[in-house]
Amino acid sequence: MNRLMVWLPLGVFAILVGFFFKGLTLDPREQPSALIGQPVPAFELTDLNTGQLLSREMLPKEPFLLNVWASWCITCQVEHPYLTKLSEQMPVVGLNYKDTETAAKNWLQKLGDPYAMQIFDPSGRLGLDLGVAGAPETFLVDSSGVIHLRIQGEVNDRVFTQKIQPMLEMIQ
Amino acid sequence: MIKTILVAFALAASMSVHAAIETYQFDSPEQEARFRQLGYELRCPKCQNQAIGDSDAEISGDLRAEVYRMLKEGATDAEIKDFMVARYGRYVLYSPPLDKQTLVLWFSPVGLFVLGGILVVLRIRQSKKALEEGESQA
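Chains A and B supply the protein sequences, listed in that same order.
The opening residue of the first sequence carries number 1 in the numbering used here; numbering runs sequentially from there.
The opening residue of the second sequence carries number 173 in the numbering used here; numbering runs sequentially from there.
Don't read these hints as lab results, they were simulated from the structure.
Since we're looking at a predicted model, the values are computed, not measured.
Errors might be hidden in some of the hints.
What the hints assert, rightly or not - With beta-carbon atoms standing in for the labels, derived distance ranges:
(1) A:D27 x B:L265: 12 to 22 angstroms
(2) B:P268 x A:A14: 26 to 36 angstroms
(3) A:P32 x B:Q222: 13 to 23 angstroms
(4) A:G18 x B:G283: 14 to 24 angstroms
(5) B:D254 x A:L4: 32 to 42 angstroms
Yeah, the Cβ is synthetic: ideal placement off N, Cα and C, and Gly gets one too.
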């Protein structure tokens, strides 16, 4: 009994170290999305470029990325070249979030427009239904419109190979 | 004269401060109280540890507006919370509901307390026994 008691503090210490060690590699800003496994919420919004009315049924019928961005968002500019490159590989649908038409159009003109379609959501209504907390956020959606992954923050080569690609292979 | 100018400046300054504060009109004091309570119970999804009623983040403002809209439409507190959880996950609730996933969260403090109590009792018994043995030897 007493022998055991001597080792107890060390045991407790080891368990704590285990928890803290795990904590080191967790990003507290990363939250699980409530919409994983759910279809993209229904919406009726216009296309920023064409003015055409868009709905959920008009989304691509193959796996695609839904990228939430805005002209006021700095990180969106940072990830834009990478998304442009990705758009050669799979459709990237834009969700222009809480922006103004002129600012968004200027931004696309300056930096290029790789988007397959551009959902214009100035009120942020669709963003709210998607559980968007800020821009940029990117969702991986499958051919039937179900969300499989949410990336908060910049999409880059590391995020693509570690997160998007494995999930993409699973849903293809 | 200088006093008048100072007062005018003070007034102007206070007015600009007021302009930055959101104004919501409520139907009743109860509704306003519920708005405040929900603002205190819902967590800002962008912040690390702040309630939406206490946060300047853009998203918190949007969620407050949403809470207000739903209150005005006559939604119950539970409906409003469900709405937020459906979009932002259980992270938005400061007080998570009791179910399988949160069992450990809810009961581990009690469990640890009981465990500590058992250890203390064992320890006391042990030292009592040792004391008695010591007395009987003397």
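Here is how each hint holds up against the structure:
no.: 1; hint: A:D27 x B:L265: 12 to 22 angstroms; result: holds, 21 angstroms
no.: 2; hint: B:P268 x A:A14: 26 to 36 angstroms; result: holds, 28 angstroms
no.: 3; hint: A:P32 x B:Q222: 13 to 23 angstroms; result: holds, 19 angstroms
no.: 4; hint: A:G18 x B:G283: 14 to 24 angstroms; result: holds, 19 angstroms
no.: 5; hint: B:D254 x A:L4: 32 to 42 angstroms; result: violated, 48 angstroms
Of the numbered hints listed earlier, the single one contradicted by the structure is hint 5.
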